[in-house]
Amino acid sequence: MNSYAQHEHHDFLNAVRQALADPPLQAALVRLTSTLMAGNRRGYAALADIDALRDHAKLIKEHTLAYLDRYLEQLEMSVQKQGGHVHWASDAEEARQIVLGIARQTNSRRIVKSKSMTSEEIHLNPALEAAGLEVTETDFGEFIIQLAGERPSHLVAPAVHHTRESIARILSKYSGETLPDEAQVLAQAGRRLLRKKFAQADMGISGVNFAVAETGTIVLISNEGNARLTTTCPRIHVALMGIEKVLPRWGDLPVFLKLLARAATGQALSVYTTLITGPRRRGETDGPEEFHLVLLDNGRSRVLATPFRESLQCIRCGACLNACPVYRRIGGHAYGGVYSGPIGSILTPLYDSVVDNPHLPHASSLCGACQAACPVKINIPHMLIGLRELQTHQRGKSRWEKLTYHLAAAVLQRPWLYRLGLRCARLVLRPLAHEGWLRHLPGPGTAWTEARDFPAPAPRSFREQWRQLR
Amino acid sequence: MKVSLLVTCLSDALFPEVGIATVRVLRRLGIAVDFPQAQTCCGQPHFNSGYHDDARVLARHTLRTFANGQTVVVPSGSCAAMIKLEYPHLFHEDPVWHPRALDMARRTHELSDFLVNVLGVEDVGARYEGKVTYHMACHLRGLGLRTEPERLLQRVKGLEYVPLERADECCGFGGSFSVRYPGISGAMVQDKAAFIEKTGVSAVVATDAGCLMNIAGCLRRRGSAIRTLHLAQVLEKT
Numbered sequence: 001m002n003s004y005a006q007h008e009h010h011d012f013l014n015a016v017r018q019a020l021a022d023p024p025l026q027a028a029l030v031r032l033t034s035t036l037m038a039g040n041r042r043g044y045a046a047l048a049d050i051d052a053l054r055d056h057a058k059l060i061k062e063h064t065l066a067y068l069d070r071y072l073e074q075l076e077m078s079v080q081k082q083g084g085h086v087h088w089a090s091d092a093e094e095a096r097q098i099v100l101g102i103a104r105q106t107n108s109r110r111i112v113k114s115k116s117m118t119s120e121e122i123h124l125n126p127a128l129e130a131a132g133l134e135v136t137e138t139d140f141g142e143f144i145i146q147l148a149g150e151r152p153s154h155l156v157a158p159a160v161h162h163t164r165e166s167i168a169r170i171l172s173k174y175s176g177e178t179l180p181d182e183a184q185v186l187a188q189a190g191r192r193l194l195r196k197k198f199a200q201a202d203m204g205i206s207g208v209n210f211a212v213a214e215t216g217t218i219v220l221i222s223n224e225g226n227a228r229l230t231t232t233c234p235r236i237h238v239a240l241m242g243i244e245k246v247l248p249r250w251g252d253l254p255v256f257l258k259l260l261a262r263a264a265t266g267q268a269l270s271v272y273t274t275l276i277t278g279p280r281r282r283g284e285t286d287g288p289e290e291f292h293l294v295l296l297d298n299g300r301s302r303v304l305a306t307p308f309r310e311s312l313q314c315i316r317c318g319a320c321l322n323a324c325p326v327y328r329r330i331g332g333h334a335y336g337g338v339y340s341g342p343i344g345s346i347l348t349p350l351y352d353s354v355v356d357n358p359h360l361p362h363a364s365s366l367c368g369a370c371q372a373a374c375p376v377k378i379n380i381p382h383m384l385i386g387l388r389e390l391q392t393h394q395r396g397k398s399r400w401e402k403l404t405y406h407l408a409a410a411v412l413q414r415p416w417l418y419r420l421g422l423r424c425a426r427l428v429l430r431p432l433a434h435e436g437w438l439r440h441l442p443g444p445g446t447a448w449t450e451a452r453d454f455p456a457p458a459p460r461s462f463r464e465q466w467r468q469l470r
Numbered sequence: 471m472k473v474s475l476l477v478t479c480l481s482d483a484l485f486p487e488v489g490i491a492t493v494r495v496l497r498r499l500g501i502a503v504d505f506p507q508a509q510t511c512c513g514q515p516h517f518n519s520g521y522h523d524d525a526r527v528l529a530r531h532t533l534r535t536f537a538n539g540q541t542v543v544v545p546s547g548s549c550a551a552m553i554k555l556e557y558p559h560l561f562h563e564d565p566v567w568h569p570r571a572l573d574m575a576r577r578t579h580e581l582s583d584f585l586v587n588v589l590g591v592e593d594v595g596a597r598y599e600g601k602v603t604y605h606m607a608c609h610l611r612g613l614g615l616r617t618e619p620e621r622l623l624q625r626v627k628g629l630e631y632v633p634l635e636r637a638d639e640c641c642g643f644g645g646s647f648s649v650r651y652p653g654i655s656g657a658m659v660q661d662k663a664a665f666i667e668k669t670g671v672s673a674v675v676a677t678d679a680g681c682l683m684n685i686a687g688c689l690r691r692r693g694s695a696i697r698t699l700h701l702a703q704v705l706e707k708t
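Keeping their order, the protein sequence lines are chains A and W.
1 is the number of the first residue of the first sequence in this note's numbering; add one for each residue after it.
471 is the number of the first residue of the second sequence in this note's numbering; add one for each residue after it.
Misleading hints may appear alongside valid ones.
As the list claims (entries may be wrong) - The calculated SDA-like cross-link candidates involving lysine to any residue, where the alpha carbons are at most 25 Å apart (straight line), are:
no., chain 1, residue 1, chain 2, residue 2
1, W, Lys707, A, Ser34
2, W, Lys627, W, Arg597
3, W, Lys627, W, Lys707
4, W, Lys707, A, Glu450
5, W, Lys472, A, Leu20
6, W, Lys668, A, Leu20
7, W, Lys668, A, Gln468
8, W, Lys707, W, Leu589
9, W, Lys472, W, Gly595
10, W, Lys707, A, Gln468
11, W, Lys707, W, Glu630
12, W, Lys668, A, Ser34
Think of the hints as simulated: they come from the structure by calculation, not from any bench.
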């Protein structure tokens, strides 16, 4: 099992059942996703050329991926020219060792982190803590779930599954004070607690939203200001990025800066857009002494060679989560992996294993809301179908299901057999119907009739009535 | 003008009135309609579940059945999307069938698309007395048909149109999704039914039999008297 995976494979069906039966979670998900979706639509509607902008962004991503090696090498040269260090990590274990190595060499014991899903992907925190280092998440939501020992449940709002009450409880336990469940008080308490950590930290670890190959600049998008403090106060700054985050030129940045916050929340720009080019330079008063960029592969170059390479265009905005009617009802934890929602349903099977994640590609009605919301128009439904297709070739796949579909195809390609089949279905089902509807279907059909009635075949099919119509 | 009707397997077997209404609406607008009898199913269920070889067999059957060069009208966004968007994709490595797929894709239209964008008509001379709301079927998204069905409904005389909350949110059908994940699907359709009931309408309209079957089954189970109608059934009334 590669290091991307959860430690045990996740019972999706059970997790879904629990989520559906959790009213506070349901309420929180509806609130969050409605707000962010409305923001996404408003954000897009405010730009007259939004369609062209998204197409442009997609083109840049496609081009970058086609020449990924060239741009990564250019990025390395540019960062080094600015006095930064670049490390190449082929997998999660190598990435963890690199970060630990930097901590050891720089005598860093206290670490602050701004939000980085990539660091979640490589399970960085447990490795740092096992080495005796103190790690503090500084994004308020990430801070809460770190204290609660949980994983993030949304790309942008990691603690969405919590309420004010649960947050108050968690913060009170940590700080030793009894905090009321009021948003302002809790935010101020978080600010107080985290300020100390920023001041004392030796190393700050951040993610990277975009990295510009031409200039060696990394871009951080944040709302709380913690990314600024994380990357400015400590002596050492380590930035962790998936290799697909590179952009070719400085001039490509505005395209993505116009899109990311709009897609994620509807903001024209996030509160802070931080552009970092190398460590503190001679004469500057702020900034880290050392800047380290860790380039993470961890399966990305493998995916690049497959029809699923479009998934590498993702800019991790979370719009697909907010648009998805399934995510809205089951929340992020049910997906089992680091990334949830529609994009997670593709990434987890791809990077973990298709065989061990049988449900994720299927737990979608293929409604396409994700693609419609995605700033780079990623065709998520297509890739979900592609994963389903991969699954049909697996030996473990239900033989009965395969047989049923093959049989159905055999019938449907022979009009006489199709007409006969229809007549048989009618003969069997109509007597069981009440006013043309069935309350119970046999076999797998019971799943349907749990929630709704099923229509019985009509007494005369359309084609039987065509003669009169003609 | 003459068109071929692709009635869809769901309409043929379960809701023949949809096919009949479609034919009547088209004829009223002076369009002659034929019905290639060999048609069965466009292959979407197989395609969506990953059985692409089977889907190609059914696609070839459909392509052969409709190889008459005529415009094809389909009272279903999902079948139209399958033909227009997925058939070319299914055969992209096949030099014989790819051009045939592209050809059929080009001349196939979902009903509201045909009426509004091909015939250029929004008022089809229909009359329907009653309060009606509209659920947007998901496949219309991929086809770029954001407003056509509503525009047609709003020109129906006597029809009081009430917008539906979260109208473009999936009803939870999704084909096999509804039986593989009944908990999630059930939650989605219950929400949809609740929004529909909230509007106080006497009927909900959609362009797809899959959605209608799902929503109708749920409304019935909830004891609701709200009717579910296909767009064609409303446009047919005079």
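These are the hints, each one checked on the structure:
no. : hint                : in the structure
1   : W:Lys707 - A:Ser34  : violated (37 Å)
2   : W:Lys627 - W:Arg597 : holds (5 Å)
3   : W:Lys627 - W:Lys707 : holds (10 Å)
4   : W:Lys707 - A:Glu450 : violated (34 Å)
5   : W:Lys472 - A:Leu20  : violated (50 Å)
6   : W:Lys668 - A:Leu20  : holds (22 Å)
7   : W:Lys668 - A:Gln468 : violated (40 Å)
8   : W:Lys707 - W:Leu589 : holds (19 Å)
9   : W:Lys472 - W:Gly595 : holds (20 Å)
10  : W:Lys707 - A:Gln468 : holds (19 Å)
11  : W:Lys707 - W:Glu630 : holds (15 Å)
12  : W:Lys668 - A:Ser34  : holds (19 Å)
Hints 1, 4, 5, 7 from the earlier list are contradicted by this structure; the remaining hints agree with it.
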